[in-house]
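Enquirer: Residues per chain are reported as follows:
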Amino acid sequence: MVGAAAKRLFREENAAAAHAASRIRIERVSHGFDTPAGRLEVLEDVDLDVAPGEFVALLGPSGCGKSTLLRLVAGLEPASSGAIFQDGAPIIRPDPSRIVVFQDPTLFPWRTVRDNVALGLQAQGILKQEKSRVGAALRKVGLESFARAYPHQLSGGMAQRAALARALVNNPRLLILDEPLGKLDSLTRLEMQSELVSLWQKNGFSVLLVTHDVEEALFLARRVVIFSPRPARIVAEITVDRPYPRHRDDPVLTGLRHETLERLGLGKSW
Amino acid sequence: MRSSALAASNDLSQAQGGNSLPGFDRKLFSSSGKAAGAAEALAAVPPARARPASCAHWLGFAAASAWGILAAVTLAWPNKSAGFEDWPYTTEFGVAAGAGALLCALLAGAASAPIPPSARFPRRVAAAFRHGAPWLIVSALLLTLWEVLTAKTGALPPPFFAPPSSLIDVYTSDYARLADSTYNSVKLLLEGVAWGAAVGFTVGVSIGWSRTINYWVHPVLRFLGPLPPTALLPIAFFFFPSSHAASVFLIALATGFPVAILSWSGVASVNKAYYDVARTMGASEWFLVFRVAIPAALPQVFVGLFMGFGASFVVLIVAEMMGVKSGLGWYLTWAQGYASYVNMYGALIVMTIIFSSLISLLFAVRDRVLVWQKGIVKW
Ligand SMILES: Nc1ncnc2c1ncn2[C@@H]1O[C@H](COP(=O)(O)OP(=O)(O)OP(=O)(O)O)[C@@H](O)[C@H]1O
Ligand SMILES: [Mg+2]
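As you go down the protein sequences, you meet chains A and B in turn. Counting in this note's numbering, the first sequence runs from 1 upward without gaps. Counting in this note's numbering, the second sequence runs from 271 upward without gaps.
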């Protein structure tokens with residue numbers, strides 16, 4: 001019994017890992033909004049590559065345009081100028097191979113946790129054949145026993161985990177995370193950071209993560225990209241060449257933290 | 271509880287004051303003061319013991335006494351002659367009240383003794399009885415007051431007023447006509463409401479979803495929506511091939527307007543992030559409408575349905591009074607034609623039961639469909 005379950009888990013993980021990670025190429029992307037007060041330039045000449053399986057974190061002042069960039073990569077909006085490619089093909093519309101986890105869990109309140117996680121499969125019309133993936137995704141985030149709960153019955157951390165499961169069930173090749181842990185308490189956040197690392201290592205997708213938290217960026221990402229205030233330009237890229245799992249008191253990370261804060265214009269306050 | 275019983279008796283005495291009928295004035299004024307005073311005295315007894323929950327069985331015995339009073343008053347106090355044969359079913363009413371008193375006494379006795387936790391059903395009955403005891407008391411006292419003011423003293427004169435016992439006569443002697451009217455009313459109502467809800471919902475969702483449909487339909491809805499459908503009654507009866515079709519149309523119109531407006535606002539106020547989530551996961555337009563917009567809008571749709579139901583009742587009754595040759599509204603005008611006010615009370619009671627049951631049914635459906643919401647209002 002136990003052996004069978006372990007075998008099934010093993011197969012599921014292998015199946016997930018078999019899905020290739022995407023290479024993302026952001027080429028000279030600028031973007032703006034037409035508002036009643038006039039044109040608002042948000043992104044300016046952003047050039048960025050994400051290698052297959054790479055974990056890239058985006059840091060920048062609030063309101064600079066990070067979420068906007070993520071929406072462009074997801075294909076929810078077309079860029080004003082420039083182009084974005086996924087494995088060489090231009091991104092023109094949303095696709096289940098690139099899944100976004102938003103800052104709010106945005107679970108559908110009228111669906112149980114299980115049905116929320118099943119959303120992507122249902123939308124793609126493959127729920128019947130791929131039903132086992134729902135349970136597997138719930139297991140990955142440790143929510144099996146809450147499958148029948150409604151979102152309003154979940155804690156903030158559990159809701160965010162459910163949102164993560166809803167993303168993972170699609171076997172994305174690129175996971176786009178917009179401050180997914182921003183609203184959690186600090187203990188849950190640390191726990192979820194470690195979970196994110198292990199999920200990423202197991203599944204092998206590329207990750208594009210926006211965060212406000214410098215330590216989080218350094219703990220998670222291989223590369224940290226720093227943006228200027230709006231309109232956002234890339235002002236620096238910091239490579240974090242440390243093996244996983246990392247240690248929060250790693251002196252190299254502490255040094256990088258200092259450098260990162262300096263790049264963000266906060267060096268003196270540290 | 272005390273205050274509600276007093277308020278009820280005050281309402282009654284005010285109603286008497288407003289209904290001064292030639293020839294009855296003196297009697298009316300002299301007795302109404304007395305009656306209100308008696309009601310006060312009666313109502314003041316039981317609530318004094320009502321406060322601590324552990325004494326709830328005393329409330330049960332008080333309920334038994336109240337029903338006993340109703341039985342005694344009905345049976346022992348001879349009816350005042352009203353210039354025709356005696357009110358029918360007085361004895362039967364008194365006996366039924368006595369049976370009610372006996373039942374209350376039995377239940378109160380049973381509720382006083384400790385019930386083992388394993389006896390689920392008896393516990394539930396006892397709990398319901400405790401909960402309902404204050405209402406049982408007040409309703410018995412009000413029925414007593416009603417019986418005294420009509421059959422016993424004639425303070426509220428026939429034919430405009432009738433004792434509660436005489437309602438039994440309406441239901442036994444005019445059973446067929448009332449049942450037929452009820453059936454026709456419910457059928458007409460449900461037909462109209464079904465059309466109105468279906469069309470209103472479709473229109474509401476469409477204008478919430480599609481810019482083009484919104485452009486064309488929204489102004490029409492804003493312009494014509496507030497017009498009371500009853501104002502269209504004469505024209506509708508003229509245009510439609512039958513009064514039935516006209517009434518269905520008007521009831522549908524009354525139901526459809528609030529349903530359309532609230533479905534629209536429900537769809538329009540759906541959190542845009544839900545669409546983003548669904549779209550990144552490969553959702554089609556169909557999926558966005560039927561699996562995102564509509565479920566998210568359902569709470570508002572139900573508000574619209576409640577409003578639509580309320581409006582449909584008005585139109586139903588007015589239409590039946592004006593042109594349809596059947597139904598409870600028609601029954602009211604028919605009874606009025608014969609000055610048979612007892613029948614009108616009988617029909618009004620049936621109407622109340624039907625309409626409140628329909629609303630309760632809608633609440634039950636809503637609670638089932640919207641289990642995912644927290645803090646749903648209980649009806
Ligand atoms: N749909 C829109 N229409 C008009 N302006 C917009 C729109 N979306 C975003 N903006 C503006 O673009 C700017 C950047 O927004 P964005 O959400 O990308 O910032 P952000 O970097 O994610 O900020 P934060 O870190 O606080 O989430 C903001 O000034 C915002 O007001
Ligand atoms: Mg943002």
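Keep in mind that the hints were calculated from the coordinates and are not lab data. Just so we're clear, the structure is a prediction, and the values are computed from it rather than from any experiment. It is possible that some hints are incorrect.
Heads up, simulated SDA-like pairs for lysine to any residue below, C-alpha to C-alpha not over 20 Å straight-line [claimed, not checked]:
id	chain 1	residue 1	chain 2	residue 2
1	B	595	B	577
2	A	202	A	182
3	A	128	A	111
4	A	183	B	543
5	B	542	A	179
6	B	542	A	192
Enquirer: The structure should be examined with respect to each hint, and the outcome stated for every one.
Expert: Outcome of the hint check:
In summary, the hint linking residue 595 of chain B to residue 577 of chain B is not supported, as the alpha carbons are separated by about 27 Å, beyond the 20 Å threshold. Taken as a hint, the residue 202 of chain A and residue 182 of chain A pair is broken in the structure, with Cα atoms around 23 Å apart against an allowance of 20 Å. Under the criterion of a C-alpha separation no larger than 20 Å, the hint pairing residue 128 of chain A with residue 111 of chain A is consistent with the structure, at around 18 Å. Between residue 183 of chain A and residue 543 of chain B, the direct Cα distance comes to roughly 17 Å. Compliance with the 20 Å bound is thereby established for this hinted pair.
Taken as a hint, the residue 542 of chain B and residue 179 of chain A pair is honoured in the structure, with Cα atoms around 18 Å apart against an allowance of 20 Å. A hinted pair counts as satisfied when its Cα atoms are at most 20 Å apart, and residue 542 of chain B with residue 192 of chain A does not qualify at roughly 26 Å.
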